[in-house]
Amino acid sequence: MSTPEQRIHRLIAKSESDRRTGEVLWRVVAPARAGEPGLDVVHGDLDRPFFVASVSKLFTVVCLAQLRDEGRLDWDAPIAGYLSDLDLSGLAVENGRDVSAEITVREVMAHTAGLADFFEGSRPDGPTTLERAMQRDFSWTEADVIDWTRAMTPARRGRGLYSDTGFQLLDSVIQRLDGRSFAESVRARITEPLGLAGTWVFTLDTLDRFDEMAVIRHGDRDLALPLLLASCGGQGGVVSTLRDGVTFVRAFFDGRLFDARLLDEMLADWHRIFSPLEYGTGVMRFRLPSVLTGFRSYSFEGHSGASGVVFYREARTGVIVVGTVNQLAQRSLPYQLMIRTAAATAS
Numbered sequence: 587m588s589t590p591e592q593r594i595h596r597l598i599a600k601s602e603s604d605r606r607t608g609e610v611l612w613r614v615v616a617p618a619r620a621g622e623p624g625l626d627v628v629h630g631d632l633d634r635p636f637f638v639a640s641v642s643k644l645f646t647v648v649c650l651a652q653l654r655d656e657g658r659l660d661w662d663a664p665i666a667g668y669l670s671d672l673d674l675s676g677l678a679v680e681n682g683r684d685v686s687a688e689i690t691v692r693e694v695m696a697h698t699a700g701l702a703d704f705f706e707g708s709r710p711d712g713p714t715t716l717e718r719a720m721q722r723d724f725s726w727t728e729a730d731v732i733d734w735t736r737a738m739t740p741a742r743r744g745r746g747l748y749s750d751t752g753f754q755l756l757d758s759v760i761q762r763l764d765g766r767s768f769a770e771s772v773r774a775r776i777t778e779p780l781g782l783a784g785t786w787v788f789t790l791d792t793l794d795r796f797d798e799m800a801v802i803r804h805g806d807r808d809l810a811l812p813l814l815l816a817s818c819g820g821q822g823g824v825v826s827t828l829r830d831g832v833t834f835v836r837a838f839f840d841g842r843l844f845d846a847r848l849l850d851e852m853l854a855d856w857h858r859i860f861s862p863l864e865y866g867t868g869v870m871r872f873r874l875p876s877v878l879t880g881f882r883s884y885s886f887e888g889h890s891g892a893s894g895v896v897f898y899r900e901a902r903t904g905v906i907v908v909g910t911v912n913q914l915a916q917r918s919l920p921y922q923l924m925i926r927t928a929a930a931t932a933s
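Each step along the sequence shown adds one to the number in my numbering, with nothing skipped, and position 280 is 866.
To be clear, the hints were calculated from the coordinates, so they are not data collected in a lab. Since we're looking at a predicted model, the values are computed, not measured. Each hint can be trusted.
With a straight-line Cα cutoff of 20 Å, these simulated DMTMM-like cross-link-like pairs (lysine to aspartate or glutamate) come out:
#1 LYS600 / ASP806
#2 LYS600 / ASP631
#3 LYS600 / ASP626
The whole structure should be built from the sequences, with the hints applied where relevant.
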């Protein structure tokens with residue numbers, strides 16, 4: 587009879603042999619329970635850097651939580667009050683009325699503010715921002731994001747619609763309250779306190795380091811999008827490793843980065859964004875009906891990213907799965923591997 591470690595390695599090897607995947611980096615950590623030892627299974631170099639894509643949003647959320655702990659940010663206040671130097675008019679419309687000055691920080695964190703998504707949402711002037719960048723890489727600014735979003739059809743306030751525009755605004759709040767760049771806030775608030783030597787925010791100042799990262803693929807094509815990634819910040823520009831990723835996920839859920847009571851708020855009110863993914867307040871959840879998972883109930887909380895990245899903790903077992911398949915075109919691949927490798931931890 588094979589061990590959980592052997593089963594996990596076989597599953598990862600099978601995924602890696604799939605021609606659809608890019609470079610697979612994967613780590614599964616299970617705590618000791620019921621007299622059984624814990625395990626820590628690693629595939630790939632623990633310190634190989636990779637872009638974590640939208641998992642970056644968890645880094646934004648940590649900064650927002652710390653600012654709230656410090657009494658400097660009210661999640662239920664209008665976000666416009668923290669961005670008085672920006673014209674947000676026309677970004678959110680409710681029943682024909684411009685409510686851009688009313689949407690709250692919490693609504694933006696939950697993707698229920700009614701903001702269109704500048705990154706992968708439909709633009710009236712043609713291809714999405716991501717599609718344009720894949721044709722020819724380019725960078726953008728905070729002002730560009732606001733202008734592009736204003737030209738798009740707003741979403742419905744109160745209903746979940748995943749919006750990178752919202753997290754651009756949240757990063758802008760952090761920068762204004764901290765008086766420094768988002769990258770500097772992440773370093774001071776997260777990576778230095780946790781000793782995450784391999785985690786940092788990719789920016790226009792670090793373009794020369796782009797080739798250090800694992801390559802992201804789109805189908806059979808290797809993507810080189812340094813300008814896009816340098817523009818993403820807390821929407822998708824964070825770089826990390828398997829070693830640092832597990833440390834970060836543990837710290838996030840163990841209350842080492844902010845008041846643990848805030849986590850209860852983040853995980854209290856879930857709404858669907860796209861099946862089977864749900865969103866709380868700044869946190870993503872992945873669940874499947876038990877009939878599809880061998881009648882075992884799994885609820886993974888954390889975040890994932892479009893390039894095949896997962897940073898999750900399974901709520902019932904405490905199993906942590908951190909990894910990437912570095913493939914943009916096949917977005918179901920990392921979730922399939924996450925479920926299978928997490929399930930394999932059981933003897």
